[in-house]
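Enquirer: Sequence:
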Amino acid sequence: MTEKTIVFIFMNQSGNNVRLTIENAREDVTDAEVRTGMETIIARNIFESSGGNLMSIAGAERITRTVEEFAVK
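Mapping of the sequence shown onto UniProt numbering: residues 1 to 73, in sequence order.
Don't read these hints as lab results, they were simulated from the structure.
Not one of these hints is a red herring.
For each label pair, taking beta carbons as the anchor points, the in silico distance ranges come out as:
#1 T64 with R44: 27 to 33 Å
#2 D28 with E68: 20 to 26 Å
#3 I63 with Q13: 25 to 31 Å
Glycine included, every Cβ here is placed at the ideal spot set by N, Cα and C.
Work out the full structure, taking the sequences as your base and the hints as a guide.
Expert: As structure tokens, then:
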């Protein structure tokens, strides 16, 4: 089984990175869609972290993880 995850990385008011993980992401998500989504989150002040509001985009990652289960039952 392959799992696709996208991680949005923001910088908050305290200068710390804040990660937002999106599971089961579409495989064909584009850089532009990720940027637009992150800009919308910042502009609408949707989330607040313990270090204050999200202020800027610090990065984004697509993580692909393969899980193989053992037949032990």
